[in-house]
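Engineer: Join these two chains into a complex; the hints should help.
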Amino acid sequence: MPMVPRCGRSCRSQAVDDPGVTHTPTPRLRIERRIAPSRFASALVPVVSVLMALIFGGFVLLLSGEDPIAVYRAMLDGAFGSENGIAETLVKTIPLLLAGLGVGIAFRMQLWNIGAEGQLYLGAIAGSGLALFVLPDAPALVLVPAMVAAGFAGGAVWGLIPGMLRAFLGVNEVITSLLLNYVAFLFSDYLVYGRWRDPAGFGFPGTAPLPEAAWLPRWGTTRVHLGLAFGLAAAAILWVVLRRTRWGYEIAVTGENERAARYAGMPTVRNILLVMAVSGGLAGIAGIGEVAGLGHQLQRNLSPGYGYTAIIVAWLGRLNPVGIVLVAFLLAGLLVGGDQLQMSMGLPAAIAPMLQGTILFFLLGGEALTRYRLVRVRRPAVAAPPRPVGEVG
Amino acid sequence: MNDETDPAPLAIEMTGVTKRFGGVVANDNVDFAARAGEVHALVGENGAGKSTLMSIVAGLYRPDSGRLSVAGQAVQFRSPRDAIAHGVGMVYQHFMLVDSFTVAENAMLGQDGQGRRLDPAAVERDLRRIGDRYGLRVDPRARVWQLSVGEQQRVEIVRLLYRGARILIFDEPTAVLTPQEAAELVRTLRGMAAEGLCIVFISHKLDEVLAVADRITTMRRGRVVATVDPVAIDRRSLARMMIGRELQPADVRGHLLTPARAERPVLELRALRATGDRGLPALAGIDLTVRAGEILGIAGVAGNGQRELAEAITGLRSATNGQVLIDGRDLTNRPARAIARAGVAHVPEDRLGTGLVSGLDVAANAILRDYRRPPLARGPFLLGRSIAAFVDRLIARYDVKTSGQAARLRDLSGGNQQKLLLARELSGRPRLLVAVHPTRGVDIGATETIHRLLREQRASGLATLLISEDLDEVLDLADRVAVLCEGRIMGIVDAATADRDEIGLLMAGIGNGSAEARHADGSTMRPVVSVTSGG
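Read top to bottom, the protein sequences are chains A and B. Quick note on numbering: my numbering labels position 199 of the first sequence as 199, and the sequence is numbered without any gaps. Offset between the second sequence (1-based) and my numbering: plus 1000.
Bound conformation, chain B alone (with noise of 0.2 angstroms):
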């Protein structure tokens, strides 16, 4: 199968490979192909098919159709466990390590015995030859809990190393890092490489891509678009071939600009910081305004502050500084209740795990937001019929379709109950709408309605600030975009004149010169460009 003079054998190549979830379409007929002795990086916006794809060489998922060969097999694996056997391991975002065991108890974790008894003086050995090997020192004896994230993740790779692993796939492994342990894991990948492992990094980081990788392929909505020498191409182009190439047409969207400069703000964020769950900063001084009547867009690449921004702003992450003020109060680390009583609505990022109760009913979800309220609750009493009469009435003004009150909600199409969520967070009549992904992993006639319903609620003067991975999103509705990368609002542009090259680089992190040479200074507090005068 290999051309005996290749120098380096194609560790991994897929062709035609496709997998859906349900409808979508996650991989749609995919060739990639990695060497052995390279850094493969595969990049691109959430959702743009990465993990899945390696997820497929790694024996988690299974193709729908194509073919995967590993070292110039064919293969089929049926499970993890199938793939590492044939040499393939993959680190994931989140370990997958028991906490209270030893790092060699976590290495010998689901091995086959094979008869032998477990030696955990040779198990410790082995694993301290391969950490002085490939520079990933630690010790075999530590329990993982005792272990900073950085460490763990040494451990992750050395125990896949110890089980054989000639190609390892790693999951966007700088997300949890901190910059000192990310500089330090990418000299690791160089040296893994330089030994003659097959290593695949899935990022959208693009410095950090362009920095570490021998070859980049770049996905877009499942498909493959290209793959490319990181010499040459510059950030530019990686980042349009990214986000794609078309341009948005300024003069599509249908709504009217001016009639909200002059509406006072609604939601007013001076300096904003707030750490994300690992501690590490996720905001690092956001300033934004919106005001009642306007879209307010967040665009960027996901993991780089949305999910603590809507939390920050809506009561369930504290702020470590500056203020959140809504109708000009301050609301600064009040309480989610107190928050959504002063009219802030909510549709979180997961809406299962959030926002919805999929083990209860219809009803039981519809009453989340008001249920200590007249009319639906009177004293202590939840009022059955008034209850009734409101859900019914959200049901049907909303188009939730569902066979009735009493259907448990998981039951319902995952546009269905964004639909119940949304009708839910609006029938307050709130003066602010925090959106993120509204419209994720829902289908086409759901994500009209969400879209109709977004621009009816702006009509009628609410406030929304709408984040969203999806660019066309954003720029379909959004009457300003502001872009954030590594918890910074990296500029405002309109979104009628928004250049999409622009925005794709703004995401990345990337400013015009300009820009770019202030980033060198460091001096990245302040948004670095502004389009317009949003504000």
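If we strip away everything but chain A, and leave its shape as in the complex, we get (with noise of 0.2 angstroms):
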């Protein structure tokens, strides 16, 4: 989402000092809008804040008595430095990149989808629904496409929902999508501690396995399945229906002026409506992935945050489907990096997390650089002080 400062305390002048005496001029920092947001500091912000990242966990890292140096070796190491460490990162490519397409595709028309968790949820819901009770004994073809469709489904549904609260009521969907989450989330326990339980699973929570038809193929021996093929074309699709299509014409011109876009006539709740239901679909088929790729059954936990780390993804990503490519298998790197440190040198999975939380930050951060800049001003002499006005002779 784009910080935009307010000008508070900070940028404007001070209070009126000492009445009566003048000020020689001292220098200051002001923050002054740019006219126009620089295109340098758009292209630069995101390396930098990933370098500024990278610093601040280093500090963090110090603190703790390690070496910055060796352990992001370590997280290199075990994210891109074997075969097996590169097939992980893209096993977690696959749900940043589908939830951070999706996500990406609502920031346009600026509509703040932060719900792509849920949505990842209720994808996988439908999905495993369909596979398992509806269509169990299907062939692969049938039972493969049927399932995608149905988890996109899901994910759409969960995305319309704060998508007409927005459109019909102008209800802020930040808010909405949001608390949606745990909606989703509680909604997967209830049923793989209840309902969808599979009742030969010694009392674990999760449901049965799918049927093998279900099951997503795989690259050779590595865990890399179908839904890499998914996200590599839904990456390709938006880069198309943005760029070349009526549809991403109007979802720019929304995004940047709505009321540009109702004096053209486009269709603002449609699209709205249609964004957020492509948006939460996307997320959708991370979840059904998921699923059908990895554990073949719905359960606990399916997903560590990956409908937040999409929000990084699309952000640092700038929101374009290719950049968005990129940055998922970075950021899935992170997350496989990691997981290599606690298990090579006993560290805590938490440093990823916490460098993808500090990147964001230091994105928001620079983000303002591109509207803001920093400029040294001379203050002159201040004014005189307050007189009451009636009083004077």
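By construction, these hints were calculated from the structure, which means they are not laboratory data. Glycine included, each C-beta is placed from N, C-alpha and C at the ideal position. It is possible that part of the hints are untrue.
Sample of chain A residues facing chain B (criterion: CB under 8 angstroms; computed from the structure) [said to hold, decoys possible]:
| hint | residue |
| --- | --- |
| 1 | Y190 |
| 2 | R223 |
| 3 | W247 |
| 4 | V253 |
| 5 | A264 |
| 6 | R300 |
Far from chain A by the CB rule (all over 10 angstroms, computed), these chain B residues [unchecked claim]:
| hint | residue |
| --- | --- |
| 7 | V1025 |
| 8 | G1066 |
| 9 | E1208 |
| 10 | L1210 |
| 11 | D1327 |
| 12 | R1337 |
Covered, in the sense of this in silico footprint (three residues per stretch, anywhere, with C-beta under 8 angstroms from a C-beta of chain A), are these stretches of chain B [as the list claims (entries may be wrong)]:
| hint | stretch |
| --- | --- |
| 13 | 1343-1353 |
| 14 | 1380-1392 |
| 15 | 1489-1497 |
Structural biologist: Okay, here's the thing in structure tokens:
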């Protein structure tokens, strides 16, 4: 989300100091609005914020007695240093990519869909429900497409709830989409502990395994599954849609200037609904991909927060499908690297999310610099002290 | 500095104040003075520089040159906070209140604590005391969103008084009020002046000004014309001062007037009514006809229904009553898209806010009107190559100066933005063009190009409704001029024989003698003056 800093007390002139005393000019820093956002700055911000996050994380590591260089090297090695590492990174790229694309298209229209996590869960629930209870005996060629479609639909419905509230009632979608994450998560818990629990599962929470026809094919001996192809295809389709179609054009115009969209007769309400449905649907495919590609059953804690990380992916990728592909891969590497640390160095895996959070923090902070700049000002003598008007003379 | 025998010291004194915005001089070497204990009205057309001048006093802008004294002391305000510390506060047209806060919380907002704890009870007490003293009753515990517009304005005033303001500037305060609320405000202003406060009242409604002011300063084109005593002046001369003395010679326009007469009507409005953003009536029954090959100018002081008129015709605002006919087809309250397809082009008032998308490139802006249709699109796809050719043609034909199609719109000058907008709107060979302030904020070169384009289009049969604040522009371009005041057509005059004085009076809501008599009857529904038989 673009955080527009308000010009608060710090950038206004200070209160009038000692009455009657003329000040000598003192240089101060002031925040000024740029007339046009700097393109150079906006290209630089993602790179610099990642670097700053790594430096900041380095200090945290130093404080906890670790050698930052060694830790970073171990992470890099764990994520990209071996075939297995790269494969695991690709596995985690899949949900980040799909959910990141979903978040990205919504953000393009300035719809702040924070609900990818919940939409992911709903996609997983709808898809596994279909495979378990509706078409358990269908062949793979029928079942896989139907299951993916159900996953999309599940996420789309979950995205449409905040979408409709926004389009028809003007309810802020940030809050509704965020809160629905908890509903989705708890609904999934309810199913895996209750109605859908596998009777043969020795009491563990989780559904029965999906029929084998529903399992997404994997690449060789790795865990990289067909979901990667879905993600790349979705990125390619979105790229074309955003650049080459009337609808993509409407999204761009509406996102930049809703009044202009209305003036041009664009169907704003319909577009809000469509975009939220597609956004949620993509996260939903991410969810069913996790189920059908990895665990083969709906279980607790399906996602370690992919839907939230997707927000960072979308923003860091500048809401551009190509950028999102690259960033999803890099942030997946960060996650895998973090897991590796736990194993190889005995460090908490929380280092990865800490770095992620720090990256987003610097990214949003840096965003301000594309719109504002710091300038040194010399302060002229302060105005004379107040005197009530009516009492003069 | 002050003469000790002067009974009313100068609350505000400005000498030689100049303020430019880019190349536009908003205030040109202005001298202005207002006393404590008076209501001082500042009148002028929109763009005359009134609000800019007072924003300097309120610390919002800094003058490029010139001096400002408040209560006899030279000051240089760096922010509204400095100004309020010197007892100067301004009530803007858009209130600066936090809706979800109470009145008392709003009053406390932005105050320097100076180490004191906030004491809501004391603040509430103070607000009640101030309210009683000036007759500005507000409940300090009410939340702002619960209050009517008039009450919110009272909160603004009370808040400034609470913070020690002795000079209060009002920027067109009655524009947002109902007539009853406006009358109440006028009483309040008189009361505050009687208590020794200095009240500056920015307005362009002459009746109101003559009723409330002790002195009136008129501004035109960034300069002060005169400061006068309302007792010594009538509305007619005040209007003349505001609009300008020069009479437009009737024979400088080179165009023929006759052909339009025979043409059939393209736009017909029948008793059109619509409400403004605040829900108050903005159009009170408009009857108008614009014919093919004719430019009908709408003159009037801003805020008298111009924007609502344009929006009601183009489908961006719903009409509450009446009809909009395009080429004889009833298109009242059809969606904007259907109206555009029927051949209505629209150059909106606020080109960057409505008509263009400043963050996108030139090409994206050029196709905003026609992106759905061949040759720019086929099915769901945009056709890149024909778009590029289309945009190139527009840029060349309408002389838009840009580094290329991929240039961001916001990097273009205002004039080139407007040329691109006009080019786009005219590219679909429309039947009717609704152009609102087409040359506002545009440099001279682009203004000439735009005027030339409008004349060319008229020659080729386009019907144009030209809404402009610039009376010179209207008289120069239009065949007929309809004067709009408070949502009504006050009269329609032939531009060739129009008398600027007459138009100025109509703009101020004053007809000739008999019209004034009728005005007194309250029966102003029909056009009051019709100098020519326009349609």
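Engineer: If a hint holds in the structure, say so; if it doesn't, say that too.
Structural biologist: We went through each hint and held it up to the structure:
1. Y190: Violated, because the Cβ-Cβ distance from Y190 (chain A) to chain B comes to roughly 36 angstroms (cut-off 8 angstroms).
2. R223: violated (37 angstroms)
3. W247: The hint holds - W247 (chain A) has a Cβ within 8 angstroms of chain B, the shortest such distance being about 6 angstroms.
4. V253: For V253 (chain A), the interface hint holds, since the closest Cβ of chain B sits about 5 angstroms away, which is under 8 angstroms.
5. A264: Holds - the Cβ of A264 (chain A) comes within 8 angstroms of chain B, reaching about 5 angstroms at its closest.
6. R300: Where the cut-off is 8 angstroms and the nearest Cβ of chain B is about 40 angstroms from R300 (chain A), the hint is violated.
7. V1025: holds (20 angstroms)
8. G1066: holds (15 angstroms)
9. E1208: Fine: 25 angstroms to the nearest Cβ keeps E1208 (chain B) off the interface.
10. L1210: holds (26 angstroms)
11. D1327: The assertion about D1327 (chain B) holds, with a minimum of 19 angstroms to chain A.
12. R1337: violated (3 angstroms)
13. 1343-1353: It holds, with 3 qualifying residues against the three required.
14. 1380-1392: holds (count 4)
15. 1489-1497: Since three or more residues must qualify, the claim that chain A covers the stretch 1489-1497 of chain B is violated, with 0 doing so at under 8 angstroms.
Of the numbered hints stated above, those contradicted by the structure are hints 1, 2, 6, 12, 15, listed in ascending order.
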